[in-house]
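*Asks:* Input sequences plus hints: build the corresponding full structure.
One letter stands for each residue in the lines below.
There are 2 protein chains.
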Amino acid sequence: MSQYTAPIRDMQFVMRELAGLDAVAALPGCEEVSPDLVDAILEEAGKFAGGVLAPLNKIGDQHGAKWQDGKVTTVPGWKAAYEQFAEAGWTALACDPQYGGQGLPKLISTAVMEMWKSANMAFSLCPMLTNGAIEALMLRGTDAQKDMYLPKMVSGEWTGTMNLTEPQAGSDLAAVRTRAEPQGDGTYKIFGQKIFITYGEHDLTDNIIHLVLARLPDAPEGVKGISLFVVPKFLVNEDGSPGARNDVHCVSIEHKLGIHASPTAVLAFGDSGGAIGTLVGEPNRGLEYMFIMMNEARFAVGMEGLALSERAYQHALQYARDRIQGTELGVRGGPKVSILQHPDVRRMLMSMKSQTEAMRALAYVVGAATDLAHLHPDEGVRARNQAFVDLMIPVVKGWCTENSVDIASTGVQVHGGMGFIEETGAAQHLRDARITPIYEGTTAIQANDLIGRKIAREAGATIQGVVAEMRKVQAELAAKDGDFTAIGRALGNGIQAVEEAVAYILATYNADIKAAHVGSVPFLKLLGIVAGGWQMARAALVAERKLAQGEGDAAFYQAKIVTARFYADHVLAQASGLSYAVVNGAAGALALSDEQF
Amino acid sequence: MSQYTAPIRDMQFVMRELAGLDAVAALPGCEEVSPDLVDAILEEAGKFAGGVLAPLNKIGDQHGAKWQDGKVTTVPGWKAAYEQFAEAGWTALACDPQYGGQGLPKLISTAVMEMWKSANMAFSLCPMLTNGAIEALMLRGTDAQKDMYLPKMVSGEWTGTMNLTEPQAGSDLAAVRTRAEPQGDGTYKIFGQKIFITYGEHDLTDNIIHLVLARLPDAPEGVKGISLFVVPKFLVNEDGSPGARNDVHCVSIEHKLGIHASPTAVLAFGDSGGAIGTLVGEPNRGLEYMFIMMNEARFAVGMEGLALSERAYQHALQYARDRIQGTELGVRGGPKVSILQHPDVRRMLMSMKSQTEAMRALAYVVGAATDLAHLHPDEGVRARNQAFVDLMIPVVKGWCTENSVDIASTGVQVHGGMGFIEETGAAQHLRDARITPIYEGTTAIQANDLIGRKIAREAGATIQGVVAEMRKVQAELAAKDGDFTAIGRALGNGIQAVEEAVAYILATYNADIKAAHVGSVPFLKLLGIVAGGWQMARAALVAERKLAQGEGDAAFYQAKIVTARFYADHVLAQASGLSYAVVNGAAGALALSDEQF
Numbered sequence: 001m002s003q004y005t006a007p008i009r010d011m012q013f014v015m016r017e018l019a020g021l022d023a024v025a026a027l028p029g030c031e032e033v034s035p036d037l038v039d040a041i042l043e044e045a046g047k048f049a050g051g052v053l054a055p056l057n058k059i060g061d062q063h064g065a066k067w068q069d070g071k072v073t074t075v076p077g078w079k080a081a082y083e084q085f086a087e088a089g090w091t092a093l094a095c096d097p098q099y100g101g102q103g104l105p106k107l108i109s110t111a112v113m114e115m116w117k118s119a120n121m122a123f124s125l126c127p128m129l130t131n132g133a134i135e136a137l138m139l140r141g142t143d144a145q146k147d148m149y150l151p152k153m154v155s156g157e158w159t160g161t162m163n164l165t166e167p168q169a170g171s172d173l174a175a176v177r178t179r180a181e182p183q184g185d186g187t188y189k190i191f192g193q194k195i196f197i198t199y200g201e202h203d204l205t206d207n208i209i210h211l212v213l214a215r216l217p218d219a220p221e222g223v224k225g226i227s228l229f230v231v232p233k234f235l236v237n238e239d240g241s242p243g244a245r246n247d248v249h250c251v252s253i254e255h256k257l258g259i260h261a262s263p264t265a266v267l268a269f270g271d272s273g274g275a276i277g278t279l280v281g282e283p284n285r286g287l288e289y290m291f292i293m294m295n296e297a298r299f300a301v302g303m304e305g306l307a308l309s310e311r312a313y314q315h316a317l318q319y320a321r322d323r324i325q326g327t328e329l330g331v332r333g334g335p336k337v338s339i340l341q342h343p344d345v346r347r348m349l350m351s352m353k354s355q356t357e358a359m360r361a362l363a364y365v366v367g368a369a370t371d372l373a374h375l376h377p378d379e380g381v382r383a384r385n386q387a388f389v390d391l392m393i394p395v396v397k398g399w400c401t402e403n404s405v406d407i408a409s410t411g412v413q414v415h416g417g418m419g420f421i422e423e424t425g426a427a428q429h430l431r432d433a434r435i436t437p438i439y440e441g442t443t444a445i446q447a448n449d450l451i452g453r454k455i456a457r458e459a460g461a462t463i464q465g466v467v468a469e470m471r472k473v474q475a476e477l478a479a480k481d482g483d484f485t486a487i488g489r490a491l492g493n494g495i496q497a498v499e500e501a502v503a504y505i506l507a508t509y510n511a512d513i514k515a516a517h518v519g520s521v522p523f524l525k526l527l528g529i530v531a532g533g534w535q536m537a538r539a540a541l542v543a544e545r546k547l548a549q550g551e552g553d554a555a556f557y558q559a560k561i562v563t564a565r566f567y568a569d570h571v572l573a574q575a576s577g578l579s580y581a582v583v584n585g586a587a588g589a590l591a592l593s594d595e596q597f
Numbered sequence: 001m002s003q004y005t006a007p008i009r010d011m012q013f014v015m016r017e018l019a020g021l022d023a024v025a026a027l028p029g030c031e032e033v034s035p036d037l038v039d040a041i042l043e044e045a046g047k048f049a050g051g052v053l054a055p056l057n058k059i060g061d062q063h064g065a066k067w068q069d070g071k072v073t074t075v076p077g078w079k080a081a082y083e084q085f086a087e088a089g090w091t092a093l094a095c096d097p098q099y100g101g102q103g104l105p106k107l108i109s110t111a112v113m114e115m116w117k118s119a120n121m122a123f124s125l126c127p128m129l130t131n132g133a134i135e136a137l138m139l140r141g142t143d144a145q146k147d148m149y150l151p152k153m154v155s156g157e158w159t160g161t162m163n164l165t166e167p168q169a170g171s172d173l174a175a176v177r178t179r180a181e182p183q184g185d186g187t188y189k190i191f192g193q194k195i196f197i198t199y200g201e202h203d204l205t206d207n208i209i210h211l212v213l214a215r216l217p218d219a220p221e222g223v224k225g226i227s228l229f230v231v232p233k234f235l236v237n238e239d240g241s242p243g244a245r246n247d248v249h250c251v252s253i254e255h256k257l258g259i260h261a262s263p264t265a266v267l268a269f270g271d272s273g274g275a276i277g278t279l280v281g282e283p284n285r286g287l288e289y290m291f292i293m294m295n296e297a298r299f300a301v302g303m304e305g306l307a308l309s310e311r312a313y314q315h316a317l318q319y320a321r322d323r324i325q326g327t328e329l330g331v332r333g334g335p336k337v338s339i340l341q342h343p344d345v346r347r348m349l350m351s352m353k354s355q356t357e358a359m360r361a362l363a364y365v366v367g368a369a370t371d372l373a374h375l376h377p378d379e380g381v382r383a384r385n386q387a388f389v390d391l392m393i394p395v396v397k398g399w400c401t402e403n404s405v406d407i408a409s410t411g412v413q414v415h416g417g418m419g420f421i422e423e424t425g426a427a428q429h430l431r432d433a434r435i436t437p438i439y440e441g442t443t444a445i446q447a448n449d450l451i452g453r454k455i456a457r458e459a460g461a462t463i464q465g466v467v468a469e470m471r472k473v474q475a476e477l478a479a480k481d482g483d484f485t486a487i488g489r490a491l492g493n494g495i496q497a498v499e500e501a502v503a504y505i506l507a508t509y510n511a512d513i514k515a516a517h518v519g520s521v522p523f524l525k526l527l528g529i530v531a532g533g534w535q536m537a538r539a540a541l542v543a544e545r546k547l548a549q550g551e552g553d554a555a556f557y558q559a560k561i562v563t564a565r566f567y568a569d570h571v572l573a574q575a576s577g578l579s580y581a582v583v584n585g586a587a588g589a590l591a592l593s594d595e596q597f
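As given, the protein sequences belong to chains A and B, one line each in that order.
Quick note on numbering: the first sequence equals residues 1 to 597 in the UniProt record's numbering.
Quick note on numbering: the second sequence equals residues 1 to 597 in the UniProt record's numbering.
For the record, the hints were derived by calculation from the structure and aren't laboratory data.
The reader is advised that the hints may include incorrect statements.
Since copy identity is lost for identical chains, a pair holds within one copy or between any two.
[Stated by the list, open to error] Listed next, the in silico DSS-like pairs over lysine-lysine satisfying Cα-Cα at most 30 Å (straight line):
1) K336 x K514
2) K480 x K514
3) K66 x K224
4) K224 x K336
Fair warning: this is a prediction, and the values are worked out from it, not measured in the lab.
*Replies:* The following block contains the structure:
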């Protein structure tokens, strides 16, 4: 049975030493945030994740959500866990206190979210989608809509969904065809079919609040003719109780490679006269609202990459400690040892560990910057942090999720033949991880956003500022010796690779956009690797200072330096090859005719 | 429904222009091999693979082999396909004519094997394992054993298995505990349990011939006390007909991530008095025999990596051609286009295509070298080719299989959200591929063999000869311009990376074997990438010559040059990072104590 223990020590280190918990706690509205409170939250969340959610992860995979006659039954144990989850207040953690939320900063909810996703990704999708729906209503809902839906969604009594995709639309939302007919009384009747709706139907709560993209009759073609509606499964009576069943029904759920316990619904709206909904915000601005919420959702999926990597690492490490096989290398006739003693198993585990820590560091730093961007009293600080967040969201999403597939695959490899046997559980992490580079915008979509909106449009201003910050860390490393020299050298090579690739993108984006796009995904990976290396180097420098001061757990800090060293030699070392592909790789990618494939 | 069309044009190109089909055809014993014969075999095999085996691949995955009360039922359609397969003579292709085989060279059977594995990997494992058992009996069986078993195994009337692993043994065969008790009449009673036995039980044939590693009562400890036995499911009567049921039974089959249609059996020997077997070869030399056959088996699994990559590529390409989504980049308001027009989809497909072609080229070159090593009249030529084969087998096995996981994963990504839906079929290739870097020796085991037995033991003699061959190709490229300059530059960087890594391994192997082993898997990937790039460069040079001569299909040859260019910029570009990890990566990998993980 795969256990999960929340990596609280590393979370605390990253929050305090790299992400600036103090600075977040000093923000207006964060007065209650103290180190003790944070520790208490992490401890409680860790208990819930390890004790309640993690043990359900495997049965969730094996049993899966079931569809019959339009109803979806979740996995045995799911409903009780969900009730406990809501009762303990976890659904409300990051929500606005006006509607019953706890209003905690993003940095803290990020660490807690990591735990849910590590423990049981399929479960975590339900509150995640509800949060997205809450955000949409907070952002553009009327007071009546907010009063009707938000308190019960924040408390977890009801859940929410996001209905974007249709069979012919996929990533291209311009092609959305679902239509909304005004009824003259302020309501609309919705007709159409939506696919890939996470927790679009389930038995966890009395009601489900769907947010739906649809077209008004007079809407313009394309992306500028899409509006956002709120369509509850059960209409809500004046007193807030659920009323008549609305005309939205689950036609089927998908048979997927992973996240079996998360029902992925096909929803039919209006098959029996029209599903009743109300407009959110202004007509024809639905896609714009989606884009505003997108940072949040993409960040959360990036966290899934981190979280699954952590889980796969813990799983593989446990196996490597337990599995006795062969003798120590170079010791003839010695006793049998655990496979953790074998250099290649160590290399694989270090690769999993170091990349997971790099992802955590970068994601939490972005989480803290989000708090500063929202709450800091100084407009310049807010703007600077928002620009950093905007730049890094596609990196956190794309890089962490692509990594998670490789890392979960490495986890299978550590298990050898047992990794291929489903009962072992290692394969589930790989299957679950495989969706993360796809949904909420594929890696290509993240990468196009990165090089287009986030770099070319502003002529590289923000990325050049980030590179300057990285150079400062490199200079600090250069003044030291030993492992720090090696880390500094690899980081320096990595930064240079980023600079070369950025220069190419800026020179090419307007002149030859297809050529620029060929390099977009390699560039996203490059920037992720180097930004992760930057944070690992910062961690190593902090660790050195702590060791010099004789503070804290020496073994933990020594490990931070070693892990940064491994990351430098094995992961940062990939940077120059990626940059080479960005700068040189368009010709070969674009020269074939369709028939020559 | 996923189709498979055997890539006959590329196979012919590689066989003729890169692997030296003419030289193979000129070998003693290969007199019948003509271009026409080869074309006819490829065409017939292609028809069988595409028409009979490929359509069963998906139902094989969905239905899976079933175990009940000790019996295994294969997937509906399997038995009929197997009978056709045997009737058409495909089981006998590479076998000795003395026992009914066709004795065709390895180069040809390699191409045919690729087709079976692309079309239906789970099916292909049955004849593959039978071939392994045939090899073992050919190698060390008595005349009586050969006469009893080989004709029916070659004809496909019976199948064979290899029984090595036990629960406590895994990759460490020194730990094998199954025992063999001599009965004084030349037979032995076998007692023990074997796991992970591919097609260890099934309903395709009347009899199954198990080759089993076990210990004699007086055997020394460890690897030098293991003997090889042949243990049929049904004892064989004097007249060759199946007699009494032997005491070997299938206790269960595994529930696996992939290759669901291939029954992976747990076999119990001797639960009711002892399974009767006879000794193959001399006592206590079983592991040595296994090692002799290992090249064959490892090569075959390497071919699975190639074959699944080809299948995943074809699947993704078809989807990319069919799926209409978005408009052409840079064209506002233009018509919707297929996703094949999007630069990142093109990059992904080129990545799949170029690596698949590089693997095919290297594997076939190794296949042809095997023929030369076995059959060439000149002892020096035989030895040189054998050394090349020995060096390259772990690379073909490790590199092609690791690639196949990435390539099948990229295939899922090309499909977007549909890739995660099992009905689409793209995910099956990923699940099937995931076993290939594990069985028949994990990538780490291949890599240890590569740097130890194949490089350090002979002080790098063979690898340095290969590097010299690569340098010649690089020199030829350097004399040209355009794409060839780019290919030559990337190949040159790759060769230098190999040289640096080899120098490190030679300097370190005896001084610090753990440090050398940390770099072993990165080195294996490095050598695979560069050896593949060497073959791609050779292909581009051939294509240029053909184009200059106005010979053949110009579009095909132009595509060869473009594909080599892509491989150079995107794949060969990774070489320096891998070399860096080999040379610098030991310190970070080995410095943590067990507790610090």
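*Asks:* For each hint, tell me whether it holds in the structure or not.
*Replies:* Going down the list of hints, with the structure as the test:
1. K336 x K514: Between copies, since 17 Å is at most 30 Å while 56 Å is not.
2. K480 x K514: Only across copies: K480 and K514 sit 27 Å apart there, 43 Å inside one copy, limit 30 Å.
3. K66 x K224: neither (37 Å within a copy, 54 Å between copies)
4. K224 x K336: between (67 Å within a copy, 17 Å between copies)
Checked against the numbered hints above, the structure violates only hint 3.
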